[in-house]
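Visitor: Once you've looked at the hints, dock chain B against the given chain A.
The lines below spell out each chain.
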Amino acid sequence: GQQLNQSPQSMFIQEGEDVSMNCTSSSIFNTWLWYKQDPGEGPVLLIALYKAGELTSNGRLTAQFGITRKDSFLNISASIPSDVGIYFCAGVYTNAGKSTFGDGTTLTVKP
Amino acid sequence: GAVVSQHPSRVICKSGTSVKIECRSLDFQATTMFWYRQFPKQSLMLMATSNEGSKATYEQGVEKDKFLINHASLTLSTLTVTSAHPEDSSFYICSARPPFMSSYNEQFFGPGTRLTVL
Chain A
208 GQQLNQSPQS MFIQEGEDVS MNCTSSSIFN TWLWYKQDPG EGPVLLIALY KAGELTSNGR
268 LTAQFGITRK DSFLNISASI PSDVGIYFCA GVYTNAGKST FGDGTTLTVK P
Chain B
405 GAVVSQHPSR VICKSGTSVK IECRSLDFQA TTMFWYRQFP KQSLMLMATS NEGSKATYEQ
465 GVEKDKFLIN HASLTLSTLT VTSAHPEDSS FYICSARPPF MSSYNEQFFG PGTRLTVL
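First to last, the protein sequences are chains A and B.
So for the first sequence, my numbering puts the first residue at 208; every next one is plus one.
So for the second sequence, my numbering puts the first residue at 405; every next one is plus one.
Chain B on its own, in the form it takes in the complex:
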């Protein structure tokens, strides 16, 4: 159980275009999902907390107009990188937290999306 998927796994786009990444919890409902960004050989940097039915909470320094998050259902959150530029190239990973009381602090991660902006 606790499987999280992401789509696409890789995307290459031209500078100035927008890219949407989907994160789905496959076998549980998640009221909270998280979006991370990871640079090579570095740790995970939390970008925002996605809350079902309400606005996302962004970390300091993350532009909410640049990284649009929508959590419209209990199994789907989307991250849209708007007007992408080469510096947005990175590995984006989502995670979801199951509602089970015995594991309420555990996050389960998706396989990640490699974004390359040319």
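With the rest of the complex left out, here is chain A:
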């Protein structure tokens, strides 16, 4: 089956620093999704990407759909304490099909 490699597994950064995380796959996807999960809650959709090469921003978050369709990255600029959480990437191959999730990146922001 399709698998996603998400890295890094965890990050410890200082407030105000920028953050970058990515997901790669051996197979192509037609949609890339980025979610954030706070402890004890369900994931919240941050950004959805539908076209290869697409670069989309949502506030301090920027995500890109890789040209090869096998990777995506998420950047967070000027991190703040509330950015703490687990970030998941997800890829969808078939329209309206299942999502394949990465293992998550745990972000810790030190004030």
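By construction, these hints were calculated from the structure, which means they are not laboratory data.
One side only, chain A facing chain B, incomplete, derived with CB under 7 Å:
#1 T238
#2 L252
#3 A255
#4 V299
#5 F308
#6 D310
#7 G311
The C-beta atom is built at its ideal place from N, Cα and C for all residues, glycine as well.
Guide: Then chain B, alone, in the frame of chain A:
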């Protein structure tokens, strides 16, 4: 828009009992809902795809007689954990996909249900 609710948020039950978890799409109709299971510090594991008006599609290794799914309406799917045992203790999360063409691959998640089986 695209709000999904789950009930209950937490449940503690005795071993051998059955537990029903509800997933509702509050402001849209969802022909497809998904049920996930998540262990601490791990990713989401898809259990099954719930299709309105038809049988659910279970992932390999998930016992359909153990985890009963019913999607009787366009806004409600239920997951029943039958004869629960301590190893069924986990965080169960549902998601729903809106029918909007511009976002047909996006899933919106419920807040999750923490199941503890004693």
